[in-house]
Every structure is written in structure tokens, then in C-alpha cells.
Amino acid sequence: MDDLDDWPGSELSDEELDVAYNVRRKAGPELFDRHMARYRAMSEAAVEGLPGHPGIVYDKASGERLDVWGTGEGLRPVFVFLHGGYWMALSRDVSSFMARMLHEQGVATVVPDYTLAPKATLEEIVRQTRAAVAWVYRHGREHGLDPERIVVGGSSAGGHLTGMTMVGGWQEPLGLPADVVKAAMPFSGLFDIRPITRVYVNEAVRLDLARAAALSPALLPARYRCPAVLVAAQDDGAGFLAQSRMFHPRWNAGDLVIVPGRDHFDVVLDLADPDSLPGRALVDLVRAV
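In full-length UniProt numbering, the protein residues as written are 1 to 289.
Just so you know, not all the hints are guaranteed correct.
Listed next, with one range per pair, are the computed distances between beta-carbon atoms [as the list claims (entries may be wrong)]:
hint : residue 1 : residue 2 : range
1    : 34        : 179       : 36 to 46 Å
2    : 252       : 29        : 16 to 26 Å
3    : 40        : 206       : 27 to 37 Å
4    : 14        : 37        : 29 to 39 Å
5    : 48        : 206       : 12 to 22 Å
What the hints contain is simulated information worked out from the structure, not anything from laboratory work. Ideal placement from N, C-alpha and C gives every residue a C-beta, glycine not left out.
Hey, can you work out the whole structure from these sequences and the hints?
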């Protein structure tokens with residue numbers, strides 16, 4: 001593991017780190033509120049009348065639930081989407097905006113909730129998201145999902161959680177194959193989260209450097225490296241762009257896509273459009289598994 005004190009941005013001041021990682025500040029309150037309204041409106045429109053199974057408890061320990069959308073005849077490949085919100089905001093209710101597009105492409109969507117910080121530790125949040133993947137593998141067939149074709153993706157903090165399903169070491173204790181995640185698509189992900197120890201988010205997640213390193217996909221082993229498409233926005237936060245550019249060569253099993261004309265919050269909404277750069281990339285990724 002890298003030296004604990006030598007991490008991306010460790011030489012920056014606290015103010016410089018905030019500029020790099022506080023994307024809500026970068027967007028400003030008016031634009032941020034517009035983005036959040038679009039998340040909800042697009043998600044509600046995407047699932048209206050869509051076949052599925054909402055509100056399933058996937059983890060008895062926490063009681064957290066997930067929604068299954070876009071099922072059809074037979075078993076469908078599944079995209080598991082892990083929402084962002086810096087581990088302390090948002091929910092599955094505003095995170096299914098891609099479900100109709102994927103349904104029309106023959107792909108189902110699963111969107112889990114997880115207990116938010118500070119009520120849950122980040123270790124617990126990671127456990128829950130892995131439990132969601134395990135639920136799809138064990139119970140997917142009962143709900144029209146193909147357990148052999150699971151693709152995981154997520155935005156921002158959800159990109160970090162996606163990375164934590166890509167790495168190794170957690171599958172065997174849950175009785176899962178090492179390649180249970182067949183492909184991945186993190187958006188604006190956080191792969192070395194040691195910078196979080198010095199930004200405002202740490203008031204909720206309460207990490208020290210040792211725990212942050214242990215929860216960083218870039219620092220964890222992965223014998224099996226699933227195909228991945230790493231996505232970031234051209235107008236993303238500088239820290240998030242740097243994270244994707246750092247993780248891409250380390251993972252060494254996929255592509256890096258920088259989407260022009262998008263920022264941290266709206267780049268993932270392109271998943272609702274099959275003709276967008278991210279939308280095409282996701283459909284191609286799922287079809288290849």
C-alpha cells in the first residue's frame with residue numbers, strides 16, 4: 001500500500017482541496033437545485049408504467065431496499081446503479097433515470113438504497129452495496145435478472161462504491177464467484193479517498209487516513225479485473241477528473257471517457273439517452289458480458 005501520507009492532493013491547502021472536491025460549491029445553489037429536480041423528474045418518468053419489482057428488502061441486517069425495473073420475458077442482463085450524494089444524500093427514488101432506456105435495450109435496472117452517513121459508517125455502506133450485488137446473484141432469477149450478467153455502475157460516491165465491488169477479497173466470504181461483477185461503469189468516481197479526510201464531507205463519514213486507505217479501490221488488490229468504462233465530465237471537479245485519470249491505468253482493463261459539455265451532476269443523466277456517449281458505452285458494455 002502507498003505511504004499513508006502520500007496521496008493525490010496531499011500537498012494542497014484545505015481551501016484548494018475544497019475547490020477540487022466540493023462540486024456542489026462549483027455548481028452553485030441554483031444549478032445544483034436544477035440538477036436535483038431533473039434527477040427526480042427523469043427518474044419518475046422513466047419508471048412510470050415500467051414492469052418491475054420495487055421496494056424489495058435485500059439486506060436483512062439493515063432493512064435496506066432496492067427497486068428492480070425493466071424486466072421482460074426470460075432473464076435479462078442487469079445494471080446495478082449505486083447513487084451518489086457523497087455517501088450522505090440522495091436515494092433510489094431519484095436514481096432510476098436510465099431504467100426506461102435500458103428496458104428498451106433489453107436490460108433490467110436495479111437501484112438499491114443504502115444507509116446514509118453519518119448514521120452508517122462507510123465500511124457499513126460498502127457492506128450493504130456488496131450485499132445488493134449478492135442479492136442479485138442469489139435471487140435475481142426470481143425477478144427476471146440474469147445472475148451471470150451483472151454490470152455495476154454509479155456516480156460520484158456511487159462511483160467509489162462501484163470500485164469497491166470491482167476489487168477482490170469480498171466475494172468469497174459471501175459465497176460469490178470472483179467475477180460476479182462482469183463489468184463496471186463508475187462515473188466521476190473516487191478511487192483513492194484519502195483526500196476526503198480533509199474536506200467537509202469528513203464531518204459525516206469521519207475517516208482517518210488508515211481507514212480511508214483501506215476503503216480505496218485504487219489501493220486494494222484485484223486478481224480478476226472486469227472490463228470497465230470510467231466516465232468523467234469535461235467540466236467535472238478537478239479532484240474527480242484527477243481520480244479517474246489516476247485509476248484508469250491502475251485498473252488497466254477498460255476505457256476512460258471524458259464527456260464534453262457536461263458537469264459532475266448532469267453527465268450521468270446521459271444514461272437516459274441511448275445515443276449519448278455514456279448511453280452507447282453502457283449498452284455496449286452490457287451486451288459484451
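query: Which numbered hints turn out to be false for this structure?
result: 2 and 5
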